[in-house]
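Trainee: What follows is each chain in one-letter form.
Protein chains: 2
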Amino acid sequence: MIDYVFLGTGGGMPMTFRALSSLMLMYNGRKILIDCGEGTQVQMRKYHTGFRDVDIILVTHTHGDHIFGIPGLLSTMGNSDRTEKVYIVGPKGIKPVISGLLYSLKYLPFEVETIEVEEGFYLKQGKDSLEITEEKTELWVEPFNLKHRIECIGFNIELARKPKFDPVKAKTLPIPVVYWKHLQNGEIVDFEGRTYYPEQVLGEPRKGIKVTFIGDTGYFNELSDHAKGADLIVCEGTYGDDEDIDKAKKNRHMTFREAARVAKDAEADDLIITHFSPSMGNPVEYRSNATSVFNKSFVAYDGLKGTINFKEE
Amino acid sequence: MIDYVFLGTGGGMPMTFRALSSLMLMYNGRKILIDCGEGTQVQMRKYHTGFRDVDIILVTHTHGDHIFGIPGLLSTMGNSDRTEKVYIVGPKGIKPVISGLLYSLKYLPFEVETIEVEEGFYLKQGKDSLEITEEKTELWVEPFNLKHRIECIGFNIELARKPKFDPVKAKTLPIPVVYWKHLQNGEIVDFEGRTYYPEQVLGEPRKGIKVTFIGDTGYFNELSDHAKGADLIVCEGTYGDDEDIDKAKKNRHMTFREAARVAKDAEADDLIITHFSPSMGNPVEYRSNATSVFNKSFVAYDGLKGTINFKEE
Chain A
2 MIDYVFLGTG
12 GGMPMTFRAL
22 SSLMLMYNGR
32 KILIDCGEGT
42 QVQMRKYHTG
52 FRDVDIILVT
62 HTHGDHIFGI
72 PGLLSTMGNS
82 DRTEKVYIVG
92 PKGIKPVISG
102 LLYSLKYLPF
112 EVETIEVEEG
122 FYLKQGKDSL
132 EITEEKTELW
142 VEPFNLKHRI
152 ECIGFNIELA
162 RKPKFDPVKA
172 KTLPIPVVYW
182 KHLQNGEIVD
192 FEGRTYYPEQ
202 VLGEPRKGIK
212 VTFIGDTGYF
222 NELSDHAKGA
232 DLIVCEGTYG
242 DDEDIDKAKK
252 NRHMTFREAA
262 RVAKDAEADD
272 LIITHFSPSM
282 GNPVEYRSNA
292 TSVFNKSFVA
302 YDGLKGTINF
312 KEE
Chain B
2 MIDYVFLGTG
12 GGMPMTFRAL
22 SSLMLMYNGR
32 KILIDCGEGT
42 QVQMRKYHTG
52 FRDVDIILVT
62 HTHGDHIFGI
72 PGLLSTMGNS
82 DRTEKVYIVG
92 PKGIKPVISG
102 LLYSLKYLPF
112 EVETIEVEEG
122 FYLKQGKDSL
132 EITEEKTELW
142 VEPFNLKHRI
152 ECIGFNIELA
162 RKPKFDPVKA
172 KTLPIPVVYW
182 KHLQNGEIVD
192 FEGRTYYPEQ
202 VLGEPRKGIK
212 VTFIGDTGYF
222 NELSDHAKGA
232 DLIVCEGTYG
242 DDEDIDKAKK
252 NRHMTFREAA
262 RVAKDAEADD
272 LIITHFSPSM
282 GNPVEYRSNA
292 TSVFNKSFVA
302 YDGLKGTINF
312 KEE
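Protein sequence lines correspond, in order, to chains A and B.
Counting in our numbering, the first sequence runs from 2 upward without gaps.
Counting in our numbering, the second sequence runs from 2 upward without gaps.
To be clear, the hints were calculated from the coordinates, so they are not data collected in a lab.
Just so you know, these numbers come straight off a predicted model, no measurement behind them.
Hints may be right or wrong, so weigh each one.
[Said to hold, decoys possible] Straight-line alpha carbon distances no greater than 25 Å define the calculated SDA-like cross-link-like pairs of lysine to any residue that follow: (1) A:Lys96 / B:Gly79; (2) A:Lys229 / A:Phe299; (3) B:Lys250 / A:Lys93; (4) A:Lys148 / A:Phe299; (5) A:Lys93 / B:Ser100; (6) A:Lys96 / B:Met27; (7) A:Lys125 / A:Lys312; (8) A:Lys107 / B:Lys47; (9) B:Lys107 / A:Ile116; (10) A:Lys208 / A:Lys265; (11) B:Lys251 / A:Ser81; (12) A:Lys148 / B:Leu106; (13) B:Lys107 / B:Tyr123.
[Claimed, not checked] Quick list of simulated restraints, FRET-style, between CB atoms: (14) B:Asp247 / A:Ser81: 21 to 27 Å; (15) A:Phe18 / B:Asp129: 44 to 50 Å; (16) A:Asn296 / B:Phe18: 38 to 44 Å; (17) B:Lys86 / A:Glu223: 40 to 46 Å; (18) A:Glu112 / B:Ser280: 47 to 53 Å; (19) B:Asp129 / A:Glu120: 47 to 53 Å; (20) B:Lys86 / A:Gly51: 40 to 46 Å; (21) B:Asp270 / A:Ser81: 38 to 44 Å; (22) B:Ile246 / A:Tyr108: 23 to 29 Å; (23) B:Gly307 / A:Glu223: 55 to 61 Å; (24) B:Asp82 / A:Phe18: 22 to 28 Å.
For every residue, glycine included, the Cβ atom is placed at its ideal position computed from N, Cα and C.
Chain A on its own, in the form it takes in the complex (with noise of 0.2 Å):
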């Protein structure tokens, strides 16, 4: 299972009543930050999320309203004593944004590894915190290209489910029970000369969870493809009101209507708007913009709390 917080739901600027946009993924007590905007340190103590075990900072694109919150936060997780390293992960020419935010920050008792990402990339259980590996793992993050005024990704982050154990198949095996258990886990099992594989005790693959984040752009038709299948599609909207379509389109944002058309378009069980403009005080009036395209169409709130869990079976 997967679990999230939105530290904070704005763009552009952060207000009073709102943070700056920020989401927590919580894996197996690890965490992946979503974007980082000035304050998101201050959310996680609002919202005790913690902050020492953050692995990873996936990073939509480099305006100020996404990552002025970074240095700040690494600051004070070298204050918690956190020595393992953590990934900065965003788009094209990302580098330079951060080891320039990072400039003061020459002491920090851990590494700071920033990538210019292009593929996707499996995330694997380290010592005490999440490492990018060459290894296939059950963590898998993909990037995908969105339509900005500058270079920006969305993410789809999946989770792979193991396949049940099936008795019926095991018993088949010519093996002592014991090496069950093994192949149950992944293991090959070499007995009496013969070698056996997972996949002859495992049924069918199941269904994972697949989390699609859709940062900063205007709509295009091809985001639903991305979020195919998705258990869960957070997507700006930064406009509610229907009215707003054309700002949306000149600043390359979307409305709610048009988060909502990528949830329905990608057959996905649930969707959570974010990233509310400043000046839409109080953005759950314009759900039925969403609602009226796509049922499961949430509107988010600075410190909402979800879990998503594997489907039964």
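Once you've looked at the hints, dock chain B against the given chain A.
Mentor: Just chain B now, kept in the frame of chain A:
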């Protein structure tokens, strides 16, 4: 007169109950900011100070808790259609730090000039902002060295006061009354082949206003020399408890009692202590450690506002 607002009063890390240290001074509708930690722009919203008219940011040192709010603030000022130059004035070494922080802000609608300051400078009221000038004006800013773990400076901000007009002296001059006003306003007047100077119609010099800002530093004797005769000393007091004196020495910070000693030795009018350690929940509990040394010691809190007037004469 000079108005002030303590936007934040914390050191080290921003807390939910206390923002990072930042002091706003206001003179004739223009704003001078001293330090700007993460979240300062939100505090400006909270306390309704506005941010468009910040003309100069004085920076004591480049620790993150004093500077990480700068890029966000400038970005928001840019979105508010400011076009006048903003100065960032700090100690040796600040230029590459600021330049790094602002790397992603390529399209600000105003110029940012960063100055590694070594000597005092005058400020004059330009068209729509305060400008650093070679002219002698009523507003003087002077840096002085502190003793922190990195290069760190304090600031004296001094507002001169014009001498009173002296009609007795004016009447002795063989010029028409219409010229008195020009002389009073500091102009030189030529009349019937002779030159008259402002001093010829003005009384004795009058005491202006002096604000001394003592940023992060360990205590040292000469601090009171810099603060001599100040109307207001704003001084760091990271630790309220006298028992934290060893921590203060080790980390190059001060206790409330030490701050009070500076104010006493400087024969200042008022002392306001700020920059509290995150571990101090309620700094005012320790106020008596200061007042027992210097009676007019006050403990700052986020949002504390006040005005410093010229003294009656």
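Trainee: All hints, please: hold or fail.
Mentor: Verification of the supplied hints:
no., hint, result
1, A:Lys96 / B:Gly79, "holds, 24 Å"
2, A:Lys229 / A:Phe299, "holds, 18 Å"
3, B:Lys250 / A:Lys93, "violated, 45 Å"
4, A:Lys148 / A:Phe299, "holds, 23 Å"
5, A:Lys93 / B:Ser100, "holds, 20 Å"
6, A:Lys96 / B:Met27, "violated, 38 Å"
7, A:Lys125 / A:Lys312, "holds, 23 Å"
8, A:Lys107 / B:Lys47, "violated, 33 Å"
9, B:Lys107 / A:Ile116, "holds, 22 Å"
10, A:Lys208 / A:Lys265, "holds, 19 Å"
11, B:Lys251 / A:Ser81, "holds, 19 Å"
12, A:Lys148 / B:Leu106, "holds, 20 Å"
13, B:Lys107 / B:Tyr123, "violated, 29 Å"
14, B:Asp247 / A:Ser81: 21 to 27 Å, "holds, 23 Å"
15, A:Phe18 / B:Asp129: 44 to 50 Å, "violated, 30 Å"
16, A:Asn296 / B:Phe18: 38 to 44 Å, "holds, 41 Å"
17, B:Lys86 / A:Glu223: 40 to 46 Å, "holds, 44 Å"
18, A:Glu112 / B:Ser280: 47 to 53 Å, "violated, 28 Å"
19, B:Asp129 / A:Glu120: 47 to 53 Å, "holds, 50 Å"
20, B:Lys86 / A:Gly51: 40 to 46 Å, "holds, 42 Å"
21, B:Asp270 / A:Ser81: 38 to 44 Å, "holds, 41 Å"
22, B:Ile246 / A:Tyr108: 23 to 29 Å, "holds, 25 Å"
23, B:Gly307 / A:Glu223: 55 to 61 Å, "holds, 57 Å"
24, B:Asp82 / A:Phe18: 22 to 28 Å, "holds, 23 Å"
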